[in-house]
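J.: If you're matching them up, the sequences are chains S and P in order.
The first sequence maps to residues 0 to 499 in numbering that gives the first Met the number 0.
The second sequence maps to residues 0 to 490 in numbering that gives the first Met the number 0.
Any given hint might turn out to be false.
To be verified - Okay, derived cross-link-like pairs now, PhoX-like style, lysine-lysine, Cα gap no bigger than 25 Å in a straight line:
1) S:K158 - S:K178
2) P:K482 - S:K240
3) S:K487 - S:K459
4) P:K335 - S:K251
5) P:K353 - S:K251
Since the hints were made in silico from the structure, they are not lab data.
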Amino acid sequence: MRKLTLVSFLVLAGAGAATLLTEPDMTSDVPVIYWSTDPNPARIKQVDQFHEWLVENGHTTMDGRPNVELRLETVAADRKGIIQGVSGVAADIMDCNIPWYQSIGILADVTEEAERDGFGTDSTYDALEPLLTVDGRQYGFPCNVYVMGLWVNVDTFTKLGMEPPPTHWDWDTFERIGKEFVHRANPAGQRQTVFFVNRIEHAFFVRAMHRSLGVSDFNETMTASGLDHAGFAETLARIRKWTFEDHIAASKAEETAFSAESGYSGAGLTLLNKGNYGTYTIGRWVLIRLRQFEDPPSVSASHFPHGGFPNTLIAARTAAVYAGSPHLVEAKLFLAYLASEVYNIGIVESADAMPPIPEFTRTEGYLRPAEYPNEWGAHEIPAQGAESIAITLSTSPFVPSATVDRYKKRALEQVMAGLATPEQGAAEAASRIDAEIQLALVDSPTLRRRYAGAVALQEKIDSYRQMGRPIPMEWIKNPFHRVYYGSKGWIKNEPDGRGA
Amino acid sequence: MNRRNVRDVSVGLSFLAPNILGFLVFTLGPLLFSMYLAFTNWDLRLHNMFKEEPLRFVQLENFSRMLDDPDFWQYLGNTLFLMMSIPFAIAGSLVAAILLSQDTDGGSGWVRRRLIASAGLVFGVSCLVLAGAGVSAVTILIVGLAGAILLGGTTGGTTVYRTLFFLPHFTSGVATFILWKKLYNPSTGPITTALQPLLDLTGGVVTSVPAQLIRSCSWLCILLMVGGFYLGVRRLFLYWRDGEMGGFTVLLGLVFMTLPAACSTAWANPQSASGLVLAGAAVSLLLFGGRAVKGRGYPCRADEGLGDGIMFSATLMVVGFGLLGLGNVLYDLPVKAAAGLETPEWLTQYNWAKPSLMFMGLWAGIGSNNMLLYLAGLSNVPGELYEAAEIDGTSAFQKFWHVTWPQLAPVTFFIVVMSTIGGLQGGFEMARVMTEGGPAGSTTTLSYYVYTEGFTTGRLGYAAGVAWAMFALVFAVTLFNWKFGSRQIND
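Using the sequences and the hints, build the whole thing.
T.: Here's what the structure looks like:
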């Protein structure tokens, strides 16, 4: 028995030592940094490219090797990143929601390095600034940029004897074309198997719709919800109508009935390719999957339909540096690499959304990829949208975006299930978000001070609005209102760009 | 204590040390820490190694906030609703255990019959497939599966059946949830595919008979509900009069039994049915209330017979709700049948999401540890008791009711306690994988709420408060079970 115990102990000790010695950090003689990102095969190539980029830019050891080693940690788990972050063990570089992560305090300020190494906010889309900065300080850089919209299978429309949808359209045009599409595509008396659009309940679609009626998630200073508004109620009502009355959009059950979703829109894109969906709510990365099909269809793109104010959503998969990283300098180099030519060309070629540097969307390689003539004419639509009508998300420092999305989703589900009227749904969403804001203030003196200042500003804005006086741009914190008010001529100084 | 004893104790403790240390570090420590959290305003956004906001001791603030939190109450309601499948799962486990305790490896005649049945099924399936007579894949699947099970039982006997019944328990939860997601597919799922022809048939029958006839069945359900309530009150009165149940027990029973009648004011279709239900309930209560005023012959403790009383009234409550629902369905049936009866969108429809998850839980619950416990319990029932019962000329049901059931009481008590605890704590995996707590929060349970509050919103203090409220609930229910359930067993 004693021998057995001793042997067991020795085996365990040996296994422990072996594990320790094979730890990645122990097998590298240069600092190892980790990049927490999604499990996309393209990341492996990007890691190799980064190492090459380091050598080309002189970040090497004495013997000419990269002076840092980048490794992947492919967890696409937002919450895991936060838990690791507050526990002091997060990856050095994280793909994350910068305003949310920064509010927790786990991101490193990269403003100086961004200016010095050429990855400042001026090098990417103007509209993305609120997504990359907090209180004027920069905390990250986009890995890729996406403008959400409807991607169109042109062949399906051609087969039905219809023109593909226009790039810009209003709600009535969308409804008219949608009804015509489903009428032509589905034989009478049979179960509907073809839909004009996969699902309208997508958070970005909903947001673009209510924004087109002048309604934002928040007021101008982000101190209260703006959703208790007839415009949001009208949006909810219209989504219900398009889904259950006009049947131009698949309901959640109908979407589920087709197949379970997985990966990059999983089976949904197979259905777009097959013609079960005429259009699909997604970004440019749709092309990654479509290119894998044997005979990919001709594609086009349309922006979300609007109710008067054309707009679309611009967002990004942003990389930021963990404040607790033991290799801050090396990790920040990675952000400089994201602004490099080699990285941006890689994004252009792989169709992994749009490159972070807008100039690359004006190249021939982006606009007319030689291997994919079926895509010609589609690429410029999101790119132009990004620089014209795109506005980024409105993120309040007083309430997490995930909470706002949760209450909006719940309002929509209640309306779709007939549990609430659109007006009730809108009012409840707003009141729940406001309650969350108040709750956050109770615990934080810092937030309370900030909130008090913002509320005072809001009162001034409201009084100016009542008097019909133009409002100074710097008073408005909500990127949507900056653009919307600008378009209405309610701003004292016009902004330089959308969301500036 | 002499030196030798000290040495022995030290040796003993050193052997126990790894386990004790593990318990202290990984169980007791986090437990106490979470209790501490529940009384603070700990928020990930404000209190972490990168922030300097002061952590505040908020006393009972988290718990008082819970009382005003509509989400908490909705999710508690969801949790309790999902727990309604527990009695059915226990009953299913018992039935399964009784069936599986039978000797199915009997004589050659038994084997021959099963072989013939299996061969017939396989032959039938083959014919259907060859004929391609529009038979759905589901029918083929079900018939084929039945054939395989019968055939398996022929060769492997009871062991095969026991393994099959226990299969859901040792299969990974997430895997079975994904499987059930497929089964619930509103278009191509086997459940929908199997049900739709039945609904078509029902629709055809319903449209061929006068609508009034169907609706009168709805009124019949209402009358049965009233009649059931009357009989229930009468039975409670008799128990009370004869000293078998105390005043508190009867009152609690009446509360349970009155619930369907109260809910009928909101749910009954047509609304006038609610009037009938309430009038019937009022008459019954007045009638026996009047008799109760005269007093009773055999006084007893106020909580006398509480376990039996709850079982009795809860059963009647479930029956009452069932009849109310059935009445509603029958009332609407002619209109719905005229438009064509459709299977529900199981997981995406607000009113169906919870029952769908319950049904899945029932499936998993029948072939679980409960079944094994009952199997063990059944093997411990003394054979002499059955022999004595047979000599007395009892029927099979009487044998079960007077021998098996009482002998299994300790096992049942243990199962009820454990299932209640599991039910109150459970639902997280199911909600996360199958519905993400939706639609409109209809499948979010308390455990899922703890997760979203803690890790989505970042309010660890409040999440810990909800977790401890759950613990308090579990503790209270267990205490109740222990106090009244164990008395029944000892009786």
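J.: Evaluate each hint against the coordinates.
T.: We went through each hint and held it up to the structure:
| no. | hint | verdict |
| --- | --- | --- |
| 1 | S:K158 - S:K178 | holds (16 Å) |
| 2 | P:K482 - S:K240 | violated (55 Å) |
| 3 | S:K487 - S:K459 | holds (19 Å) |
| 4 | P:K335 - S:K251 | holds (22 Å) |
| 5 | P:K353 - S:K251 | holds (17 Å) |
Consistency with the previously given hints fails for number 2 only.
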